[in-house]
Amino acid sequence: MAKQEFDYKKKRAELDELLAWFERGDVSVDEAISKYQQAEKLLAELETYLAATQAKIEILTKKITNPE
Amino acid sequence: MEQLVYTPTDFVAIANQSLAYTFGIAYIEGELANFRISKNKWVYFDIKDDMAKVSCFATIYALPGPLEDGMLVKVAGSPRLHPQFGFSVTVQSIQPSGEGSIKKAFDLLKVKLESEDLFDESRKRALPYPPKNIALVTSSESAAYADFTKIIGARWPFVKITVYDTQVQGEAAPAQLAAAIVAANNEGTPADILVVTRGGGSADDLAAFNDERVVRAIAASRIPTLVAIGHEVDESLAELAADMRASTPSNAAELAVPDKQSELYHIKQLHTRFAQMVRNEINAERSSVQQHKLLFAQSIHRLLQRQQDGLVSIKQILSAYNPDNVLQRGYALVASSGKVVRSATDVTAGQSIQITTAAAMIKATVTDVQERN
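Chain order of the listed sequences is A and B. Here the first sequence is numbered in the numbering used here, starting from 89 and rising by one per residue. Here the second sequence is numbered in the numbering used here, starting from 2 and rising by one per residue.
These are calculated hints, taken from the structure and not from any lab test. Check each hint, because a few of them may be wrong.
Derived pair list, reagent style DSS-like, types lysine-lysine, alpha-carbon separation capped at 25 Å [what the hints assert, rightly or not]:
hint, chain 1, residue 1, chain 2, residue 2
1, A, K98, B, K42
2, B, K269, A, K98
3, B, K133, A, K97
4, A, K129, B, K261
5, A, K150, B, K133
6, B, K75, A, K97
7, A, K144, B, K151
8, B, K42, B, K111
9, A, K129, B, K133
10, A, K97, B, K261
11, A, K151, B, K133
12, B, K75, B, K40
13, B, K261, A, K144
14, B, K151, A, K151
15, B, K125, A, K97
16, A, K97, B, K269
17, A, K99, B, K133
18, A, K151, B, K161
19, A, K98, B, K133
20, B, K269, A, K129
21, B, K161, A, K98
22, A, K150, B, K151
23, B, K161, A, K97
24, B, K261, A, K99
25, A, K144, B, K269
26, B, K161, A, K144
27, B, K161, A, K99
28, B, K269, A, K99
29, A, K99, A, K129
30, A, K98, B, K261
31, B, K133, A, K144
32, A, K150, B, K161
Listing some non-contacts, in silico: residues in chain B with all C-beta distances to chain A over 10 Å [as the list claims (entries may be wrong)]:
hint, residue
33, P129
34, Q292
35, Y322
Cβ atoms here follow ideal geometry from the backbone N, Cα and C, with glycine treated the same way.
Make a model of the complete structure from these sequences and hints.
Now the structure itself:
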């Protein structure tokens, strides 16, 4: 795999983790700012991915005939 | 005219040729009788009506599920004259026929598979969401296929769909469907979810999805399964065995993937929320810093005050020791050679001494010294 595929599920999970971190409260400002920067980066990536207008499902068909 | 006389072997061979020529595959519908399974592999039964009965032979792999005598069934098979055992139809497929039999077969199989916990809730797995790869088992010419792919395309066009194109009704359907499910599972990189679907139809049309082979293939799938057969009201055993059931092919597409637009909206909302949270955090920290600043100022002030109070009392104590204050009251300090005279032995007559009063320094000579008391 030469090209790294965009993993929506993974990035979305990372975002949820950051959200949970913030919601836990009791956080340091330094961390909060760095986590916010991470979240912003993720959000931007996810937005760009979702907004891609040229995205199109790829369909491959395999014919199944009678076995035996 | 010469009479044609056959050996039994020739007769059987020629009879079989004629049967093959005449029928090829014969379809026979009738009542099932004398149904029995031998060695869990071979199946023998008769198919009959009021006037006639036909012996049939099949392997267990051709069965759609448990069957019972009295059911109306339709078989497809080749009539054959066996050299040892006589005439029978070698059955390729056998399907319950007519509403009553279809229902009966459904109930029998349901009870059987239920007893194996194949429909158990505890077996159900969560579907990976959103999936990147979908294996779709259906007929590529069906409305179900068109609906499913159209809705996926509109909602979440980021997936790859591998279609396993099979028949979804008719005698060949069960074996093809089961083979397709196995094929999807055997891919080098299996899909994230396996969708099996077809649109609505008569009980007969949907029979393949109540076939034991198909239901078992779904239950055995390592890829989590999403099955949607017929309309909302139709309940198939394939759906009961699936990890997730959808009411229609369109509904399956809706359950399989998120909607891009609502996801985008949600992401935008999250953006605002994150910004608010970090702002709150900074504000909270700022007010905490302010508060600390105030506390520090207060405690430094208190510290200085205490120091000042201490100095004042020390000053008071010190002033009590100031000799000047004593001299002011009329006392004098007597010293000889720089040392304060305290006892009679410190000076002798004739020695010079210095007397210090509040206002004067006096030099004098001692004329007499006596011990006091």
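Against the structure, the hints:
With a C-alpha separation of about 48 Å, the suggested pair A/K98 and B/K42 falls outside the 25 Å cut-off, and the hint is violated. Pair hint B/K269 plus A/K98 holds up; C-alpha atoms about 18 Å apart against a cutoff of 25 Å. Distance check on the hinted pair: B/K133 and A/K97 sit about 9 Å apart at the alpha-carbon level, within 25 Å; holds. The suggested pairing of A/K129 with B/K261 holds, with an alpha-carbon distance near 19 Å, which does not exceed 25 Å.
Pair hint A/K150 plus B/K133 holds up; C-alpha atoms about 18 Å apart against a cutoff of 25 Å. Distance check on the hinted pair: B/K75 and A/K97 sit about 48 Å apart at the alpha-carbon level, beyond 25 Å; violated. Of the supplied pair hints, the one linking A/K144 and B/K151 holds, its CA atoms being roughly 11 Å apart against a limit of 25 Å. Annotation: proposed proximity of B/K42 to B/K111 holds, straight-line Cα distance about 21 Å (limit 25 Å).
Taking the CA atoms of A/K129 and B/K133, the gap is about 22 Å. The hint holds against a cut of 25 Å. A distance of roughly 13 Å separates the Cα atoms of A/K97 and B/K261; the hinted pair therefore holds under the 25 Å criterion. A threshold of 25 Å between alpha carbons decides the hint, and for A/K151 with B/K133 the separation of about 22 Å falls inside it, so the pair holds. Among the hinted pairs, B/K75 with B/K40 is consistent with the structure: their alpha-carbon atoms are about 24 Å apart, no more than 25 Å.
Taking the CA atoms of B/K261 and A/K144, the gap is near 12 Å; set against the 25 Å cutoff, the hint holds. Our distance criterion of 25 Å between C-alpha atoms is met by B/K151 and A/K151, whose separation comes to about 20 Å. Between B/K125 and A/K97 the CA atoms are separated by roughly 21 Å; this keeps the pair inside 25 Å, and the hint holds. A distance of roughly 17 Å separates the Cα atoms of A/K97 and B/K269; the hinted pair therefore holds under the 25 Å criterion.
For the hint linking A/K99 to B/K133, the alpha-carbon distance of about 13 Å falls within 25 Å, and the restraint holds. For the given pair, A/K151 sits about 17 Å from B/K161 by alpha-carbon distance, which is consistent with the 25 Å threshold. Taking the CA atoms of A/K98 and B/K133, the gap is near 11 Å; set against the 25 Å cutoff, the hint holds. Pair hint B/K269 plus A/K129 holds up; C-alpha atoms about 13 Å apart against a cutoff of 25 Å.
For the suggested pair B/K161 and A/K98, the alpha carbons sit about 17 Å apart, so the restraint of at most 25 Å is met. Between the alpha carbons of A/K150 and B/K151 the distance comes to roughly 19 Å, so the proposed pair stays at or under 25 Å and holds. The suggested pairing of B/K161 with A/K97 holds, with an alpha-carbon distance near 15 Å, which does not exceed 25 Å. Of the pairs offered as hints, the one joining B/K261 and A/K99 holds, with about 15 Å between alpha carbons and a cut-off of 25 Å not exceeded.
A threshold of 25 Å between alpha carbons decides the hint, and for A/K144 with B/K269 the separation of about 23 Å falls inside it, so the pair holds. With a C-alpha separation of about 9 Å, the suggested pairing of B/K161 with A/K144 holds against the 25 Å cut-off. A distance of roughly 19 Å separates the Cα atoms of B/K161 and A/K99; the hinted pair therefore holds under the 25 Å criterion. For the suggested pair B/K269 and A/K99, the alpha carbons sit about 15 Å apart, so the restraint of at most 25 Å is met.
Between A/K99 and A/K129 the CA atoms are separated by roughly 10 Å; this keeps the pair inside 25 Å, and the hint holds. The straight-line distance between the Cα atoms of A/K98 and B/K261 is roughly 16 Å, inside the 25 Å bound, and the hint therefore holds. For the hint linking B/K133 to A/K144, the alpha-carbon distance of about 13 Å falls within 25 Å, and the restraint holds. Taking the CA atoms of A/K150 and B/K161, the gap is about 13 Å. The hint holds against a cut of 25 Å.
Listed as outside the interface, B/P129 is inconsistent with that label: its C-beta sits roughly 7 Å from the nearest C-beta of chain A, within the 10 Å cut-off. With a least CB separation of 15 Å from chain A, B/Q292 remains clear of the 10 Å interface cut-off, as annotated. The beta carbon of B/Y322 sits about 57 Å from the closest Cβ of chain A, which is more than 10 Å, so the claim that it is off the interface holds.
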